Structure formats: C-alpha cells, structure tokens
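Go ahead and model the full structure; you've got the sequences and the hints to work with.
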Amino acid sequence: MSSLSEQLKNLGFSSSHEPDTDQNQPAHEIRPDTSLPVRIQRQTKGRKGKGVTVIFDLPAQEELLQRYAKALRKQCGVGGSVKNGTIELQGDQREASKVYLEQQGFTVKLAGG
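Residue numbers (numbering that gives the first Met the number 0): 0 to 112.
Simulated from the structure, these hints should not be mistaken for laboratory data. Fair warning: this is a prediction, and the values are worked out from it, not measured in the lab.
Computed cross-link-like contacts, EDC-like style, restricted to lysine to aspartate or glutamate with a CA-CA straight-line distance of at most 20 Å:
hint, residue 1, residue 2
1, Lys-49, Glu-94
2, Lys-69, Glu-87
3, Lys-97, Glu-87
4, Lys-73, Glu-101
5, Lys-69, Glu-101
6, Lys-44, Asp-91
7, Lys-108, Glu-94
8, Lys-82, Glu-62
9, Lys-82, Asp-56
10, Lys-73, Glu-62
11, Lys-73, Glu-87
12, Lys-73, Asp-91
13, Lys-73, Glu-94
Here you go:
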C-alpha cells in the first residue's frame, strides 16, 4: 500500500472525464411536475407583524425544494428556509418569486394578501 503523500500526488481533476451514466440522475436533471399551479402567499399572522413570502405546491422532492429555495434566496437577496414542503422567504418577495418560477416552467398564482 502506498503512503498518503503518494496517494495525494496522484489526485487531480480532469475536465475530459465524462460522468458515469450508471449512477442516479443528478439533481440538475430531475424534472419536476409543472402541471399543477404553484401558489405564492404573503403571511404575517403569528410572525409579530413581520411579513414572509410562502411558496406552496412545489414538488415534494427535498432536493428540488432546497435547490429552488437557494436560487430564490439568491435572486431576491433575502434569507429563507424550507419548512414542511414549502419555501419561506423573508419579506414580500411575491413578484420576484413569480418571475423566477415562471422561468422554470411553473404556472404561478398569487394567493392571499
């Protein structure tokens, strides 16, 4: 068995290597079901008057929810999280969220006030 330093010397990155096709599908190739409308709602109840944008009815796949939440937080420049199958963003981010989700192929409805 070779030493650790010899093993580390052989490590490297090659951009010419193609990924194995036998592995599970990567997250960026998972196709969500976009046939059902996604609802976006602003909520303040139980939040001491602070408003949050809540996005309902997205695909229930945890990987996709995390990916969409990260992209929405970055696009809106706010914090947020994934809770109970919904995405919560700080502040009123309904319009920016709607634009992003429509670009991703979803039908979006603004719900509530």
